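Its first residue numbered 1, the sequence shown is counted upward by one per residue in full-length UniProt numbering.
Since the hints were made in silico from the structure, they are not lab data. Every value quoted in this text rests on a predicted model; they were computed, and no experiment measured them. Incorrect hints may have been included.
Said to hold, decoys possible - Quick list of simulated restraints, FRET-style, between CB atoms:
{"hint": "1", "residue 1": "128", "residue 2": "29", "range": "38 to 44 Å"}
{"hint": "2", "residue 1": "254", "residue 2": "10", "range": "43 to 49 Å"}
{"hint": "3", "residue 1": "24", "residue 2": "53", "range": "44 to 50 Å"}
{"hint": "4", "residue 1": "109", "residue 2": "53", "range": "38 to 44 Å"}
{"hint": "5", "residue 1": "46", "residue 2": "9", "range": "34 to 40 Å"}
{"hint": "6", "residue 1": "102", "residue 2": "23", "range": "32 to 38 Å"}
Heads up, the beta-carbon is just placed ideally off N, CA and C, and yes, glycines get one too.
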Amino acid sequence: MNTHPSTSLKISAWLGAAFLHIPLLLIILYAFTTEDRTYTFPPPGLTLKWFGVAFARSDMWEALWLSVRVALGATAVALLLGGLAAAGMARSQFRGKSAVNLLLVLPIALPGIVTGLALLVSIRRAGLDAGTLTIIIGHATFCIVTVYNNVVARLRRLSPSQLEASADLGARPLQTFRYVLLPHLATALLAGGLLAFALSFDEVIVTTFTAGSQQTLPIWLYGELFKPRQRPVTNVVALLVMVVTLLPILLAQRLTQGTDAMDGAGKSS
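All chains, please: the whole structure from these sequences, using the hints.
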């Protein structure tokens with residue numbers, strides 16, 4: 001059977017990639033333009049001065065550090081709750097399991113505006129003040145899904161015989177977790193955490209409903225778009241956001257390469 005893709009399929013793939021990435025390349029290009037108002041093509045000249053202007057903005061740095069704190073907090077919550085949910089769902093069989101699984105993955109499938117509105121109502125009912133904590137809670141709702149999906153897939157590929165052998169040899173549950181289970185789950189947890197960080201860092205819609213008066217970097221960036229003289233600065237910051245989110249995604253993809261084989265499946269007959 002011929003496993004090589006046809007020429008038309010290759011062309012379609014390249015066209016799809018171009019459609020997705022040409023706008024990003026334009027943002028990168030106009031981060032270096034000498035023109036501060038219009039997007040003329042080709043740019044009249046190239047300069048690095050806008051990087052200095054952007055990095056001198058104290059409000060930009062405040063928004064950046066808030067985004068980092070929120071992303072780290074949401075990732076920590078996602079690792080804890082997503083890992084525990086995966087452990088409970090991987091091998092358990094109970095009535096309504098499919099419904100519970102759907103509820104766990106639903107937040108990432110729902111439109112952000114629906115999730116944000118639901119969170120806003122819940123925050124007001126709970127009497128909480130919108131701020132860093134509410135942003136973390138909002139981001140954790142969809143970050144949990146990335147950790148859950150990675151960990152539950154890895155647990156399903158782990159042979160129960162390894163855990164049984166550890167118990168037969170006298171290992172306590174904590175020792176089994178540390179020496180048998182955790183090494184199998186380490187890359188899945190790390191990959192899920194990296195993806196959760198990337199998702200949280202560039203989230204806009206849910207943040208709009210949960211941030212109150214605070215500005216994460218994407219919210220700051222959105223506000224600057226309406227200031228014509230700041231367009232090159234917004235391109236510089238957009239480039240920074242792309243770099244910060246791309247690196248965890250690339251690392252997560254590398255960590256999950258070669259994990260299609262059954263972990264701990266033992267010898268094949």
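Taking the hints in turn, this is what the structure says about them:
Range check, residue 128 to residue 29: about 43 Å between beta-carbon atoms, so the 38 to 44 Å window is met. At roughly 24 Å, the beta-carbon separation of residue 254 and residue 10 lies outside the given 43 to 49 Å, and the hint is violated. Under the hint 44 to 50 Å, the C-beta atoms of residue 24 and residue 53, about 21 Å apart, miss the expected range. Between residue 109 and residue 53 the beta carbons are some 40 Å apart, a value that agrees with the proposed interval 38 to 44 Å.
Roughly 37 Å separates the CB atoms of residue 46 and residue 9, a value that falls within the hinted 34 to 40 Å. Checked against the given bound of 32 to 38 Å, the beta carbons of residue 102 and residue 23, roughly 34 Å apart, stay inside it.
Of the hints listed earlier, those the structure fails to meet are numbers 2, 3, in rising order.
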